[in-house]
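Novice: Could you put together the complete structure from these sequences and hints?
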Amino acid sequence: RGGRVEQGSMAVASLLWPSFPLDVVLSFCEPAALFAFDATCRHAHEAVNESLRARVLRMLPPSQHALLQPEQPWRELYRAMHAGAPLLCWTRAPSLDRPRFAHSTVVYKSHVVVFGGRHGPTYLNDVATLSLRSLEWLPDVTRGARPSPKRAHTAVVLGQRMYVLGGGSDVCPGSDEMHELDLELLEWRALSRPPGWSFLGHTCVPVGRSRLVVFGGCWWGDEFKVTDELREYDIEMDEWAAPAAVGAKPCARYRHSMVCVPGGKGEGGGDLCVLYGGDVSTWRG
1 RGGRVEQGSM AVASLLWPSF PLDVVLSFCE PAALFAFDAT CRHAHEAVNE
51 SLRARVLRML PPSQHALLQP EQPWRELYRA MHAGAPLLCW TRAPSLDRPR
101 FAHSTVVYKS HVVVFGGRHG PTYLNDVATL SLRSLEWLPD VTRGARPSPK
151 RAHTAVVLGQ RMYVLGGGSD VCPGSDEMHE LDLELLEWRA LSRPPGWSFL
201 GHTCVPVGRS RLVVFGGCWW GDEFKVTDEL REYDIEMDEW AAPAAVGAKP
251 CARYRHSMVC VPGGKGEGGG DLCVLYGGDV STWRG
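Read the sequence shown against this note's numbering and you will find it ends at 285, with the numbers running on by one and no gaps.
Calculated from the structure, these hints are not laboratory results.
Heads up, some of the hints might be wrong.
Below, simulated DSS-like cross-link-like pairs (lysine-lysine); rule was C-alpha separation at most 30 Å, straight line [said to hold, decoys possible]:
id, residue 1, residue 2
1, Lys265, Lys109
2, Lys249, Lys265
3, Lys249, Lys225
Pairwise CB distance ranges (calculated) [unchecked claim]:
id, residue 1, residue 2, range
4, Gly270, Glu184, 25 to 31 Å
5, Pro94, Asp182, 24 to 30 Å
6, Lys265, Phe101, 35 to 41 Å
7, Lys249, Arg98, 37 to 43 Å
8, Ala244, Ser192, 17 to 23 Å
9, Asp140, Ala248, 41 to 47 Å
10, Tyr276, Glu236, 25 to 31 Å
Keep in mind that this is a model prediction, so the values were computed, not measured.
Think of the CB as a built atom: it goes at the ideal place given N, C-alpha and C, for glycine as much as any other residue.
Specialist: Encoded structure:
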């Protein structure tokens, strides 16, 4: 019913059905049900040995294959699922028509939104949206002044808008473009550009409800340049600033990572931005 299988009837069915139709039935079970249903019963476990083990084996990493031994591991899995322990399970979605790398990905409601990137020698500026409910890619129906084709840019979501900054291509060693995409209206709009800033491989994180913090990046022009600049964007005012930060400043880098921990309470008592790793031509943490 609705893709769910009653646990109470599963043990009886597993005793009576041969493996092929049983495998079809198991394919409709949610991952949690495969662990939690009456396969913890000794008789049911023996009856569905091949079908159940094969299906569960595909959900477990190789390091956890020992969990498929009877009977105690099954009981532990049963208890874990009923205690609300998470089950990490990969599911492969359909492929895009044009594979890509150095793109950006954000989550908005029940959708995954992919922008830009590089496909072979081609730089992209399309929007690919994956529905997490149907696992289908939706057509790009966005309109307005979209960013130029690029890779190694950043994209973040605040509210119902996605903000895309920077990036580069074969004709642009580093971009200062700043755009927003309204994820409800599906409309692009160009925003003010950060003065004196044109980079790719940087990081950009949302802080609070109306600010973006940008750090680092590189420029692939005639001379390779790596920056340690810190920039801040005020969404409500559409204004850029170069805040004066105190403390031991990170060295110039690109291809690093940065996250904001809301309520992290750094030394100033506010949100905490955590920076890690990156490349300075030779990698340095």
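Novice: Which of the stated hints cannot be reconciled with the structure, identified by number in ascending sequence?
Specialist: none
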